[in-house]
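> Here is how the chains run, residue by residue.
Protein chains: 2
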Amino acid sequence: MRLSRYFLPVLKENPAEAQIVSHRYMLRAGMIKQQAAGIYSWLPLGYRVLRRIEQIVHEEQARAGHIPLLMPTLQPADLWRESGRYDDYGQEMLRIKDRHERDMLYGPTNEEMITDIFRSHVGSYKDLPLTLYHIQWKFRDEMRPRFGVMRGREFLMKDGYNFDLDKDAALHAYNRHMVSYLRTYERMGLTAIPMRAASGPIGGDNTHEFLVLASTGESEVFYDAAVTELKLGDREVDFDNRDEVAGICQEFTTLYARTDETHDAALFDQIPEDRRKVGRGIEVGQIFYFGTKYSEAMGATVVTPEGTKVPVEMGSHGIGVSRLLGAIIEASHDDKGIIWPEGVTPFPVGIVNLKQGDASTDLACEGLYKALAAKGLEALYDDREERAGAKFATMDLIGLPWRITVGPRGLANGVVELTSRRTGESEEMSAEAAVDRIVQVYAGHR
Amino acid sequence: MRLSRYFLPVLKENPAEAQIVSHRYMLRAGMIKQQAAGIYSWLPLGYRVLRRIEQIVHEEQARAGHIPLLMPTLQPADLWRESGRYDDYGQEMLRIKDRHERDMLYGPTNEEMITDIFRSHVGSYKDLPLTLYHIQWKFRDEMRPRFGVMRGREFLMKDGYNFDLDKDAALHAYNRHMVSYLRTYERMGLTAIPMRAASGPIGGDNTHEFLVLASTGESEVFYDAAVTELKLGDREVDFDNRDEVAGICQEFTTLYARTDETHDAALFDQIPEDRRKVGRGIEVGQIFYFGTKYSEAMGATVVTPEGTKVPVEMGSHGIGVSRLLGAIIEASHDDKGIIWPEGVTPFPVGIVNLKQGDASTDLACEGLYKALAAKGLEALYDDREERAGAKFATMDLIGLPWRITVGPRGLANGVVELTSRRTGESEEMSAEAAVDRIVQVYAGHR
Numbered sequence: 000m001r002l003s004r005y006f007l008p009v010l011k012e013n014p015a016e017a018q019i020v021s022h023r024y025m026l027r028a029g030m031i032k033q034q035a036a037g038i039y040s041w042l043p044l045g046y047r048v049l050r051r052i053e054q055i056v057h058e059e060q061a062r063a064g065h066i067p068l069l070m071p072t073l074q075p076a077d078l079w080r081e082s083g084r085y086d087d088y089g090q091e092m093l094r095i096k097d098r099h100e101r102d103m104l105y106g107p108t109n110e111e112m113i114t115d116i117f118r119s120h121v122g123s124y125k126d127l128p129l130t131l132y133h134i135q136w137k138f139r140d141e142m143r144p145r146f147g148v149m150r151g152r153e154f155l156m157k158d159g160y161n162f163d164l165d166k167d168a169a170l171h172a173y174n175r176h177m178v179s180y181l182r183t184y185e186r187m188g189l190t191a192i193p194m195r196a197a198s199g200p201i202g203g204d205n206t207h208e209f210l211v212l213a214s215t216g217e218s219e220v221f222y223d224a225a226v227t228e229l230k231l232g233d234r235e236v237d238f239d240n241r242d243e244v245a246g247i248c249q250e251f252t253t254l255y256a257r258t259d260e261t262h263d264a265a266l267f268d269q270i271p272e273d274r275r276k277v278g279r280g281i282e283v284g285q286i287f288y289f290g291t292k293y294s295e296a297m298g299a300t301v302v303t304p305e306g307t308k309v310p311v312e313m314g315s316h317g318i319g320v321s322r323l324l325g326a327i328i329e330a331s332h333d334d335k336g337i338i339w340p341e342g343v344t345p346f347p348v349g350i351v352n353l354k355q356g357d358a359s360t361d362l363a364c365e366g367l368y369k370a371l372a373a374k375g376l377e378a379l380y381d382d383r384e385e386r387a388g389a390k391f392a393t394m395d396l397i398g399l400p401w402r403i404t405v406g407p408r409g410l411a412n413g414v415v416e417l418t419s420r421r422t423g424e425s426e427e428m429s430a431e432a433a434v435d436r437i438v439q440v441y442a443g444h445r
Numbered sequence: 000m001r002l003s004r005y006f007l008p009v010l011k012e013n014p015a016e017a018q019i020v021s022h023r024y025m026l027r028a029g030m031i032k033q034q035a036a037g038i039y040s041w042l043p044l045g046y047r048v049l050r051r052i053e054q055i056v057h058e059e060q061a062r063a064g065h066i067p068l069l070m071p072t073l074q075p076a077d078l079w080r081e082s083g084r085y086d087d088y089g090q091e092m093l094r095i096k097d098r099h100e101r102d103m104l105y106g107p108t109n110e111e112m113i114t115d116i117f118r119s120h121v122g123s124y125k126d127l128p129l130t131l132y133h134i135q136w137k138f139r140d141e142m143r144p145r146f147g148v149m150r151g152r153e154f155l156m157k158d159g160y161n162f163d164l165d166k167d168a169a170l171h172a173y174n175r176h177m178v179s180y181l182r183t184y185e186r187m188g189l190t191a192i193p194m195r196a197a198s199g200p201i202g203g204d205n206t207h208e209f210l211v212l213a214s215t216g217e218s219e220v221f222y223d224a225a226v227t228e229l230k231l232g233d234r235e236v237d238f239d240n241r242d243e244v245a246g247i248c249q250e251f252t253t254l255y256a257r258t259d260e261t262h263d264a265a266l267f268d269q270i271p272e273d274r275r276k277v278g279r280g281i282e283v284g285q286i287f288y289f290g291t292k293y294s295e296a297m298g299a300t301v302v303t304p305e306g307t308k309v310p311v312e313m314g315s316h317g318i319g320v321s322r323l324l325g326a327i328i329e330a331s332h333d334d335k336g337i338i339w340p341e342g343v344t345p346f347p348v349g350i351v352n353l354k355q356g357d358a359s360t361d362l363a364c365e366g367l368y369k370a371l372a373a374k375g376l377e378a379l380y381d382d383r384e385e386r387a388g389a390k391f392a393t394m395d396l397i398g399l400p401w402r403i404t405v406g407p408r409g410l411a412n413g414v415v416e417l418t419s420r421r422t423g424e425s426e427e428m429s430a431e432a433a434v435d436r437i438v439q440v441y442a443g444h445r
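Chains A and B are the protein sequences, given in the same order.
Following numbering that gives the first Met the number 0, the numbering of the first sequence begins with 0 at its first residue and continues without gaps.
Following numbering that gives the first Met the number 0, the numbering of the second sequence begins with 0 at its first residue and continues without gaps.
In isolation and in its complexed conformation, chain A is listed as follows:
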């Protein structure tokens, strides 16, 4: 993308309404614009990151064998009357009447609707196991929306639902989600720690939240420092192998890590003192096993191999897709701006032309731009007639992890400069070598 043709409305001033760094940088980098309290437009740069995050979620769901579909944003109230949650949900549910005065709502979650889909089409153990998920906009009418996309009213969520014949199979689905989420967050450059949680309005006993450590987090967290060292990495996982998947879950949930809701001071005190940590965390996902809570209420049954009808075992599993942009920025920034992890960056690399209009630098930049494109990497090429300082400031603010700087002096020596946003370190090399390096960096990411 050539910046002269892009829409990247960066702000020089800090917006007064933004209280936390992610909100501030998302506004300043021209990623979002507020349209109403807790309701945002995703401007082109923000939209690109949102799509990257969605893509990673889809890929990791596919790896775990989960099937995507898409449920609508609006739901009939009657479904929620069946489960009994229509009255329980309170003012956070946005209730709507259509022109025929029928009661509708903007879905805050989809347990009822997915159970309705299941009961309409599935009736036999032969069609199990089944896990369906979607990535769709939700609405929760928060009393005081704040912190930008971190606590918005209209927000994008991945929510998945497993259907299984018995509790063991459903717990395997629970574990499968935990493992797939671990890799999902790692690919986004995050350390997201699964912590035992309280269940809230979804119901169910087995539930873990995934928390990203950040001083602006909404939850107080207590953990063993060793838990932050755990990595799933690239290991091959057979998601059909219950023992293997359960083993990984055990590896990631044995060390103490809890939110204030489930904190146990006695257990916490058993951690060696130098590893005993108290901090704050941002919730970026949650998994639940809740058994037959919805299937019983809504009559979603399956016939067992023995010929009896039983309510199907279920769980639900969510990732806060739009909120993740905020969480990633909270976890990865400095005083100049955002530092995107390679997995989610809106553009893999920026090209800064130090002397726009100079025939040789223009030619070199175009060559770089096309060589990267030929490798499937779309650079953001700052081809504006601007001072170098302004170009660097924009690149630092929007946080592309790599920058290639092209100027007449370097070109005279046959080199360009490759700079890491994270370390700030620069290295001179030929344009070809810079392209090769970028290709290599992203080989594992796209």
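Check each hint, because a few of them may be wrong.
For chains that are exact copies, the list does not tell them apart, and a pair is met inside one copy or across any two.
Below 25 Å or equal to it, Euclidean Cα-Cα: the simulated BS3-like pairs (lysine-lysine) are [stated by the list, open to error]: (1) LYS96 with LYS32; (2) LYS32 with LYS125; (3) LYS374 with LYS276; (4) LYS354 with LYS125; (5) LYS308 with LYS230; (6) LYS374 with LYS308; (7) LYS230 with LYS125; (8) LYS11 with LYS308; (9) LYS32 with LYS292; (10) LYS276 with LYS125; (11) LYS354 with LYS369.
Simulated from the structure, these hints should not be mistaken for laboratory data.
All of these numbers come straight from a predicted model, not from anything done at the bench.
Please build the complex by placing chain B on the supplied structure of chain A, with the hints as guidance.
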């Protein structure tokens, strides 16, 4: 995808509520499920086609230089009070009050919001031309939703908005959209004819609708048969070249083609009689030039090179993404089911195992499945223990354009069978040759 692990709830019976073939087949092929009047869940197969269509739209918008973003589904009423459309829009607008009794609405279109984004961030001719678009769910509270996704209430639309300094530039944007839409529809296997239209509530004089000929279409259309022979094909288009783009538009709009709204009997009668056609059409898109209607009302101005402030010139351009699934099926089916064009098919090819459980056919099918996957083509492999007839009927119903049939008799001769859904013709060949053929067919499509 292995069918034994997929969620494809096909129906044997024709659903009573479906009046037109696309609605019937989408229900029978397990593509959609109605959740309320005019509100659908997109089951996995339907969701895949929806994503394919979105992908083509994005690619063609990128080719034309248009920039994607994403606006929210809910909008504050105040924006619509500024343009004067809040009161005009009538009962089709879904009006909502949030917990603080603020007036909101579920966006039926986005002229107001995009104008608000523009005026907040752009003030100079230097940032023009600019075209922004999004693909987002809309809601129109139709009195009588019907025909499945063809006239739903919650529907997915691509809507784009151009911002230009003067009328000539805005008309170039209009033409650019026409040309990019021509290729968009062609890639979906459709002949969509641009027809002069009436403007309706968007406003503006220059407007064309794109209509797909189908006997179930909602509009009566009058056209010169020669117009259906026009093809844009693979020609390279320089979207910055005004004359070139205008020339293509002229090529596609000179022959007579109008809806009943703009029909001119005197002009129509000048067409040679054997080419004079009256039929019905499904609207799948519309483009508008409306000048300064919204920019004046909402104060979206730019400073010209001469230093004066003028309201920005605009137009808006829509593609009915979810409705396209219905339109494509109306245009491409037979009495056995859907016939997907290669560009939008949910899976490029189906594999039918005639003897599931037989070691050699299972092995051959797995080999085919993996060989196709290695080429980036995800087959739908029917690995269920079902009769051959049932497997064929499912494949015919869901309409994958190609099927590879693997049976013990063929394998004994070293061959599988490759069948075209469109022609019904089959050919025997080695498994390798079948893979090569499929790769070749899709080379231009993905």
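> Please go over all the hints and tell whether each is borne out by the structure.
Structure-based check of each hint:
| no. | hint | result |
| --- | --- | --- |
| 1 | LYS96 with LYS32 | between (28 Å within a copy, 22 Å between copies) |
| 2 | LYS32 with LYS125 | between (48 Å within a copy, 21 Å between copies) |
| 3 | LYS374 with LYS276 | neither (44 Å within a copy, 49 Å between copies) |
| 4 | LYS354 with LYS125 | between (66 Å within a copy, 19 Å between copies) |
| 5 | LYS308 with LYS230 | neither (42 Å within a copy, 57 Å between copies) |
| 6 | LYS374 with LYS308 | neither (55 Å within a copy, 43 Å between copies) |
| 7 | LYS230 with LYS125 | neither (36 Å within a copy, 48 Å between copies) |
| 8 | LYS11 with LYS308 | between (64 Å within a copy, 23 Å between copies) |
| 9 | LYS32 with LYS292 | between (39 Å within a copy, 23 Å between copies) |
| 10 | LYS276 with LYS125 | neither (47 Å within a copy, 53 Å between copies) |
| 11 | LYS354 with LYS369 | within (19 Å within a copy, 50 Å between copies) |
When held up to the earlier numbered hints, the structure conflicts with 3, 5, 6, 7, 10 and fits the remainder.
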